[in-house]
Amino acid sequence: MQDIPLTVPPVPPPDQADPPGAHQRKGAVEGSATWSLSDRIGLAICWILGLLFCAIAVAIVVYLMIQGIKFLRPEMLWTPAAAGFSETQTGGFSDAFIGTMMVATLGIALALPTGIAIAVWLVEYGRPAALARITESTIEAIAGIPSIVLALFGTVIFSSTALGFLSRTTEGVVFGRSFFAAGAMLSLVALPLIVASVREGLNSIPRHVREASYAVGKTKAATTRRILLPTCRPQVATGAMLGLGRIIGDTAIIVVLLGATQNFAPVEGAGFPLDYLRGAGTTLTNFVYEASPTGNLNQPQKAYAAAFVLLLMVLALNAAVDVVHRRARKVGTWSH
Amino acid sequence: MESLTPDVSDFSLRIGGAKSDTPAGPPPIRRIPLEDPAPATEALPPVGSGQPSQGSGFTAARRSIKAPQFSIRRMEIDNVSVFYGPKEAVKSVSLPVRQGEVLSLIGPSGCGKTTLLRSLNRLTELTSSARLSGRILLDDVDITEIEPTLLRRRVTMVFQQPNPFPMSVFDNIAYVLREQGSRRARKKTLEPAVLSALDRAGLLEEVKDNLDHPALKLSGGQQQRLCIARALAAEPEVLLLDEPCSALDPKSTQVIEDLIVKLRDDVAIVIVTHNLQQAYRIADHVAFMYLGDLVEYNSATALFGNPREQRTREYVSGAFG
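For the protein sequence lines, the chains are U and R, in the order given.
Numbered per the numbering used here, the first sequence spans residues 442 to 777.
Numbered per the numbering used here, the second sequence spans residues 69 to 389.
Calculated directly from the structure, the hints in this document are not laboratory data.
Computed from a predicted structure; not experimentally measured.
Glycine included, C-beta positions come from ideal geometry on N, C-alpha and C.
Heads up, a few of these hints could be off.
[Unchecked claim] In silico lysine-lysine, DSSO-like type, Cα no more than 30 Å apart, as pairs:
id, chain 1, residue 1, chain 2, residue 2
1, R, K276, U, K771
2, U, K771, R, K285
3, U, K771, R, K256
4, R, K319, U, K661
5, U, K661, R, K155
6, R, K255, U, K771
7, R, K330, R, K319
[As the list claims (entries may be wrong)] Stretch by stretch, here's where chain U covers chain R in the computed footprint (C-beta under 8 Å, at least three residues):
id, stretch
8, 177-183
9, 236-249
10, 277-289
11, 292-302
12, 373-380
Take these sequences, add in the hints, and give me the full structure.
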């Protein structure tokens, strides 16, 4: 190695280069004292609303936690609901708990691949443009339809003879209410959220990153699979979480399309697990509704316990998404 | 191959100004030690000491490369025009691209130099409104007759923004070596090829201890060299560089320029740059484009020292840009 003759004096280290007073300037925060009155009132309103919002959220969580911890007994999670005259005889809500898991699994299993595929098509292909526009509007329309309307529509579809294999069918009459039916309709509730989130993720990847992959001879499909979708993992997770939240929180579709029984009503002779999936059932949201003072069961304590379980599920989902986001940050991103 | 390596030793001339006693014997490696505290920001020698003097108005660094040892014509741009809708971005340009030489495309923003570069590996086709007329030949075969993915492995490209993929250093290179979307070819079997690509891009020393490091956590200059390594991993015949140093600091720029000069014998190099000094430092031939026209194509010394065209003279002297 050759010595490099230097004609330039070495740059002084940064701490010496800082002019005096630089540190004070760095720490200074602009105060609102000099603002106009309307600005200050606006700021105050923002603060009040923000704090109020936090207070409401904290109140809900804390209240449910207190009630939940007071009334939740672990055995409720594995004891099915039963008929009885007192709270001790009516059992727990294991069927509802498992039912929630089932519709969530079915719904997301349908919605996630479909949603990702739609988002990829819209962002990466999107031709012909007219079809892309129609797809976009359709997704937006679905997002805007109340779930009770979707449920009503679902009864029409799933009561048809052609789809009789998805629910209980007695002498040619299709019942049209089953985990299959509810899961399929619930996937529509989750779909727009997943599409929106994945689209946002794909759109945030700079164009030149795609081109870098094409420029070493990769096809669009390979680029999508190996570069784009892995990069979008956090947004996929967010979309899935939001979708799952909507699915496990939905009540209308459960009441109309799942039969809203208190226990599983498997179809005899269908064979596990089809007998359960084709049968009617219930979920935690439906249980909370039934157990609340307005419902048929009127066991508010169990309603609180079930609501607490629901809340824990949602919090767990949030935490899971957080983990995915944190992992993605470790990988880094491009400078724009 | 060893004998063909050009003597590009006079690094000291470049940053230190006049230093006449160049060491005899085998050429030392022209690379700045990265731990060196003084960045090579002083690429410009004292005004007036440079070669170009005959009234071009261009004052620049010393040429850092010697005449090419050989040059083989690899690509031929033949009367190429590129349209975006009704707008003609490149107007009937004809240029040769030779291995053993660095070809630099210069010109003000929007003059079509990047478009021309992108049409060399058919990346312009990804823009739906783009249309190309004329012929581009790669080893006498029209590139429209070569399957695009195959062509883009023979003519690879490095972009303005460093854009490693969000995976490890190793996987960035392995991705290129593997078949399309496949995960096949295990790490072990790919390792020699990956290390060789990193070595050719001059990055191996810095990353060899931690090939699992996330590529996007490297410094900007390292990221760009990783992108060059990625482009080299496909074993290309032509390497396209689209302002590869514009997002980098002077020290990283220096490292990459050295690398480009070193690579010119193995691959034909076309570099788009905004930086006239850079073009003068590393290019053998320079093409000046203006509003889609190829105004002047000549050797770097001639184009900067004694431009034929008035517009070239104005541009290299800084009258516009």
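Notebook entry, point to check: Hint by hint, which ones does this structure get wrong, listed from lowest number up?
Noted result: Result: hints 4, 8 and 12 break, sorted rising.
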